[in-house]
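Respectively, the protein sequence lines represent chains U and F. Here the working numbering is used: the first residue of the first sequence is 24, the next is one more, and so on. Here the working numbering is used: the first residue of the second sequence is 18, the next is one more, and so on.
It is possible that some hints are incorrect.
To be clear about the criterion: a stretch of chain F counts as covered by chain U if any three or more of its residues have a C-beta under 8 Å from a C-beta of chain U, and this derived list gives those stretches [unchecked claim]:
| no. | segment |
| --- | --- |
| 1 | 27 to 35 |
| 2 | 58 to 66 |
| 3 | 80 to 89 |
Here are the simulated DSSO-like cross-link-like pairs (lysine-lysine), alpha carbons at most 30 Å apart as the crow flies [what the hints assert, rightly or not]:
| no. | chain 1 | residue 1 | chain 2 | residue 2 |
| --- | --- | --- | --- | --- |
| 4 | F | K131 | U | K80 |
| 5 | F | K55 | F | K71 |
| 6 | F | K22 | F | K55 |
| 7 | F | K54 | U | K80 |
| 8 | F | K85 | U | K32 |
| 9 | F | K54 | F | K73 |
| 10 | U | K32 | F | K73 |
| 11 | U | K80 | F | K55 |
| 12 | U | K32 | F | K54 |
| 13 | F | K85 | U | K80 |
| 14 | F | K22 | U | K80 |
| 15 | F | K22 | F | K54 |
No lab work stands behind these hints, which were simulated from the structure alone. Source: prediction; values computed, not measured. Just so you know, even glycine gets a beta-carbon here, dropped at the ideal spot from N, CA and C.
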Amino acid sequence: DSGVTQTPKHLITATGQRVTLRCSPRSGDLSVYWYQQSLDQGLQFLIQYYNGEERAKGNILERFSAQQFPDLHSELNLSSLELGDSALYFCASSVATSGGSQYFGPGTRLLVL
Amino acid sequence: DQQVKQNSPSLSVQEGRISILNCDYTNSMFDYFLWYKKYPAEGPTFLISISSIKDKNEDGRFTVFLNKSAKHLSLHIVPSQPGDSAVYFCAASASGSSNTGKLIFGQGTTLQVKP
Chain U
24 DSGVTQTPKH LITATGQRVT LRCSPRSGDL SVYWYQQSLD QGLQFLIQYY NGEERAKGNI
84 LERFSAQQFP DLHSELNLSS LELGDSALYF CASSVATSGG SQYFGPGTRL LVL
Chain F
18 DQQVKQNSPS LSVQEGRISI LNCDYTNSMF DYFLWYKKYP AEGPTFLISI SSIKDKNEDG
78 RFTVFLNKSA KHLSLHIVPS QPGDSAVYFC AASASGSSNT GKLIFGQGTT LQVKP
C-alpha cells in the first residue's frame, strides 16, 4: 500500500459526459501528479500540483482540468468525454516539487461508451 | 519523440538467475531515474532510483546501474523469483533544470520468471 488513495476505482460513462477523479496523497506529500495510461500510449504525464499551485503541465487536453485543495487532495475533471479518453488514470505524490520518488495510487479505470 | 525507451517488450528468465532490464534515454537534462514494477489493474510500485551523480544504487536484490555517457540504465534483479513477474517501467525526470518532478516513462518490459 503506497498510501495514495484514488476514487472511484472504476467509472463507466457515456460520450459527452463529465467526470471527476479524486486523489489523496500520502501524508506529508505536497506534490500531486496525474498520469494517464492508455493501451497505445503508455504512462503519460498530465499535470502536477505543488502545495495548491500548478507546477507543470504535460499533454493534458483542454477538456481536462485539475486542482489541488488546501487539504492537499486533488481532483482531475474530464469533460466532453470521448471514446479515446478511456484509460487508466493514476495519481502519484511526492514530498518535494522535484526530485525524489513518486508513489502511485491504485488508479481509476475510466470506460467511455 | 520517445525520450525514454525500453527496447525489449518482454524477458523470460529462470528462477534463481539474474534478470537484466535495460533502458535508454535521449534527453541529457534527465538527472533522476526510477524503476517501477506494475501488476495488472494496480498502480506502479516504486522499486529503486538513482541520481545522475551516482553510477550504481543497490537495494536488496535490486541494483540499478547508470551509464551517463551512453545514456543507458539497467536494473539487475538477483536472484529472480516468480513473484518478480510483472511489467517493469523505467522513468526519468529533469528535476534540476525544470524544477518539476514530472516523470517520462518508457513503454515497459514484461518480465516472466519461470519456476
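Hint check results:
1. Given a C-beta distance limit of less than 8 Å, the hint that chain U covers the segment 27 to 35 of chain F is violated, as 0 residues qualify and 3 are needed.
2. With a threshold of 8 Å between beta carbons, the proposed coverage of the segment 58 to 66 of chain F by chain U holds, since 7 of its residues qualify and at least three are required.
3. For the segment 80 to 89 of chain F, the stated coverage by chain U is violated: 0 residues have a C-beta nearer than 8 Å to a C-beta of that chain, whereas at least 3 were required.
4. This hinted pair does not check out: K131/F and K80/U have alpha carbons roughly 41 Å apart, beyond 30 Å.
5. A C-alpha spacing of about 25 Å is found between K55/F and K71/F, which places the hinted pair at or below 30 Å, so the restraint holds.
6. Only pairs whose Cα atoms come within 30 Å are accepted, and K22/F paired with K55/F is accepted, the gap being roughly 17 Å.
7. Proximity of K54/F to K80/U is assessed by CA-CA distance (about 25 Å); at most 30 Å being required, the pair is judged to hold.
8. With a CA separation close to 39 Å, the supplied pair K85/F and K32/U exceeds the 30 Å bound.
9. For the hint linking K54/F to K73/F, the alpha-carbon distance of about 19 Å falls within 30 Å, and the restraint holds.
10. In summary, the hint linking K32/U to K73/F is not supported, as the alpha carbons are separated by about 37 Å, beyond the 30 Å threshold.
11. Between K80/U and K55/F, the direct Cα distance comes to roughly 24 Å. Compliance with the 30 Å bound is thereby established for this hinted pair.
12. Simply put, K32/U and K54/F have alpha-carbon atoms about 20 Å apart, close enough for the 30 Å limit, and the pair holds.
13. Only pairs whose Cα atoms come within 30 Å are accepted, and K85/F paired with K80/U is accepted, the gap being roughly 27 Å.
14. Restraint check: the Cα-Cα separation between K22/F and K80/U comes to about 22 Å, which is no more than 30 Å; the hinted pair holds.
15. Between the alpha carbons of K22/F and K54/F the distance comes to roughly 16 Å, so the proposed pair stays at or under 30 Å and holds.
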